[in-house]
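Those protein sequence lines, which keep their order, are chains A and B. According to full-length UniProt numbering, the first sequence is numbered sequentially starting from 1. According to full-length UniProt numbering, the second sequence is numbered sequentially starting from 1.
Hints in this document: simulated from the structure, not taken from any laboratory. Note that the Cβ used here is the ideal one computed from N, Cα and C, for glycine as well. Incorrect hints may have been included.
[Stated by the list, open to error] Partner residues are not named here, just some residues of chain A that face chain B (Cβ under 7 Å, in silico):
no., residue
1, Ala121
2, Ala123
3, Tyr124
4, Ala127
5, Leu128
6, Val194
7, Gly197
8, Ser199
9, Met201
10, Asp232
11, Trp233
12, Val234
13, Ser252
14, Ile253
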Amino acid sequence: MTQQRRPHILVTGAAGALAQKVISQLRDTCDLVAVDFREQVYLGDDIPSYRIDFTKRVFEDLFRRYQFDGVIHLGRIMSSELTRMRRYNANVLGTQKLLDLSHKYGIKRVVVLSTFHVYGAVAYNPALIDESAPLKSVGLSADLVDSVELENLANIYLWRYPDLNITILRPCNIVGPGVRNTMSTLLASERAPVLAGFSPMMQFIHIDDMSDAIVLAYNKPVRGVFNVAPQDWVAYQHALKLCGCRRIPIPSIPPAVPKFILNTLKLRSFPSYLMAFFKYPVVIDGRAFAREFDFEPKRPLMEIFRFYRDNKKPV
Amino acid sequence: MSLGTFLKSKLVPAELDQHINRIRKPIGTLGYDPWGFNADAVKYGFSLTKQIYEKYFRVSAHGVEKIPADGPVLIIANHSGQLPIDGLLIGYALASRKKDPRIPRAMIERFFPTVPWLGNLLNEVGAVLGDPVNCAKMLANDEAVIVFPEGVRGSGKLYHDRYELKRFGNGFMHLAMKYNAPIVPVGVVGCEETIPAIANIKPLAKALGIPYAPVALPVVFPAKVHLNFGDPMHFDDLEIPEEQVTERVEMVKAEINRLIDKGLSERKRLF
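Assemble the whole structure, with the sequences as input and the hints as a guide.
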């Protein structure tokens with residue numbers, strides 16, 4: 001009797017909280033290999049883990065050695081990390097290398113994690129933006145170029161190599177225990193800056209729900225681009241209040257004033273290139289993903305905010 | 001009792017609270033919808049508008065019951081008076097009707113979201129950026145949507161052009177046809193006299209980034225407002241050339257003109 005081979009999956013961005021959640025969900029049924037450009041993380045004896053730069057040639061050795069069936073690419077460097085140039089190299093050129101290798105080694109399923117930032121926060125945004133909307137964030141700041149380029153690249157590979165079965169996920173703000181992105185840092189802080197008079201609508205997804213979404217997406221090979229967001233919304237300043245943050249208003253008009261202030265302060269949690277996202281809403285429509293992959297987020301907003309409120313003081 | 005609860009008890013009587021709670025809206029767990037509508041803010045807005053509607057403009061509304069009790073509907077009206085007071089009054093008329101009240105959504109100028117505080121406030125009470133995608137998604141959500149097809153051409157009108165309808169855009173007709181939404185025409189009389197403007201300083205408007213800069217007295221006159229709601233108009237969704245769509249728009253425009261004339265003839269005096 002032949003034993004069925006467990007799927008071999010490469011998971012990138014392994015040092016991040018989200019990747020670790022995904023890994024813990026998949027480790028019982030799949031053979032995983034974890035990589036990260038930042039650090040080598042220990043994930044147990046059964047999961048080989050590497051610190052590796054995708055643009056380096058040794059990266060190909062992993063594909064030769066492990067004969068992957070699928071790739072879950074969560075290793076997008078966030079806009080708050082590294083310099084613009086290094087980020088471009090890692091996110092755009094690194095992803096290209098990853099997709100080229102995936103094609104060369106006959107990978108059958110690729111899930112790429114993108115972000116809702118690609119839509120760009122513009123005053124004229126309608127609400128419930130769907131996946132076919134133009135990506136306007138490039139017009140806002142050069143710091144968001146790599147996020148859009150990564151998507152464009154994944155899109156090109158999506159139609160050029162249909163066998164790769166690429167699915168691109170554009171989640172709203174991922175928050176919850178262990179998440180280190182801008183929004184999570186803000187919600188976790190005691191004082192958070194706001195632009196006076198602006199409280200855009202926002203969407204938040206719990207890290208566990210996002211991890212469920214990624215696993216669901218991986219298991220059903222439907223190609224395409226999908227927003228991932230719960231059907232629930234809250235104004236930014238209201239969210240801060242529910243998280244127990246004191247709001248520090250920054251003068252918001254004329255627009256040059258907050259830009260100058262943020263450029264001077266250089267706050268990691270409130271960078272000037274994300275300023276528009278704290279001014280204008282980017283409300284995405286996650287219904288297509290929910291329908292296609294039968295996804296329903298399980299953690300309500302109040303549970304997310306309660307976590308931040310109860311964990312203000314680091315242990 | 002916290003300050004918030006105290007203010008709420010004073011400003012939002014229990015009866016009003018129940019009245020608004022009776023109106024079902026597709027909102028999330030924290031009382032918001034994707035466009036920023038907030039049930040609590042609506043209660044305060046309703047309470048304040050009640051005073052403006054009944055005491056200040058002494059609005060007389062006829063035929064508000066003609067707006068269907070449910071399903072998508074477009075409420076199309078003439079726009080006037082520099083500030084969107086007409087939208088507020090139409091909205092209140094529908095939200096306060098005894099039988100089957102609805103909280104309509106108003107499509108507002110693209111300039112409002114850029115104004116601090118005001119932009120958010122308008123969103124909270126149900127106003128939405130006037131984008132066709134927004135309007136389409138709202139109709140798909142079975143909302144009642146107020147649209148002023150004249151846009152700033154109407155609201156920025158000068159006093160000597162009063163009750164003269166400007167060009168109507170065709171967008172609303174396409175949406176009505178696509179979503180099978182009846183159109184309820186409304187003739188608004190009185191708002192033209194609230195802020196009569198004699199000129200528009202275009203260079204100033206351009207410098208400030210606003211749609212128009214009227215020369216007017218800094219007061220809102222308490223003109224008596226008449227709202228006349230017409231019978232719902234139904235249009236099929238056949239594929240027709242733009243010319244015929246324009247003809248349909250003209251039909252709606254003619255009906256609004258008729259309702260305005262009706263209001264003007266009913267009006268005894270300006271204030």
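Hints, one by one, checked against the model:
Given the 7 Å rule on beta carbons, the hint for Ala121 (chain A) is violated: about 11 Å separates it from the nearest Cβ of chain B. Contact between Ala123 (chain A) and chain B, as hinted, is supported at the beta carbon level, the nearest pair being about 5 Å apart and thus within 7 Å. Nearest Cβ of chain B to the Cβ of Tyr124 (chain A): about 6 Å, under the 7 Å cut. The hint holds. For Ala127 (chain A), the interface hint holds, the least distance from its beta-carbon to any beta-carbon of chain B being 4 Å, beneath 7 Å.
This hint holds: Leu128 (chain A) has a C-beta 5 Å from the nearest C-beta of chain B, less than the 7 Å allowed. Given hint, Val194 (chain A) at the interface with chain B, is violated; its Cβ is 11 Å from that chain's nearest Cβ, farther than 7 Å. A cut of 7 Å between beta carbons decides the hint on Gly197 (chain A): the least distance to chain B is about 2 Å, and the hint holds. Checking Ser199 (chain A) against chain B by beta carbon gives a least distance of about 5 Å; that is within 7 Å, so the hint holds.
The criterion of a C-beta within 7 Å of any C-beta in chain B is met by Met201 (chain A), whose closest approach is roughly 5 Å, and the hint holds. A least Cβ separation of about 4 Å between Asp232 (chain A) and chain B falls short of the 7 Å threshold, and the interface hint therefore holds. Hint on Trp233 (chain A) holds. Least Cβ distance to chain B is approximately 5 Å, under the 7 Å limit. For Val234 (chain A), the interface hint holds, the least distance from its beta-carbon to any beta-carbon of chain B being 5 Å, beneath 7 Å.
Interface restraint check: Ser252 (chain A) against chain B, minimum CB-CB distance 5 Å, threshold 7 Å, status holds. Hint on Ile253 (chain A) holds. Least Cβ distance to chain B is approximately 6 Å, under the 7 Å limit.
Violation of the numbered hints given earlier is confined to hints 1, 6; the remaining hints are satisfied by the structure.
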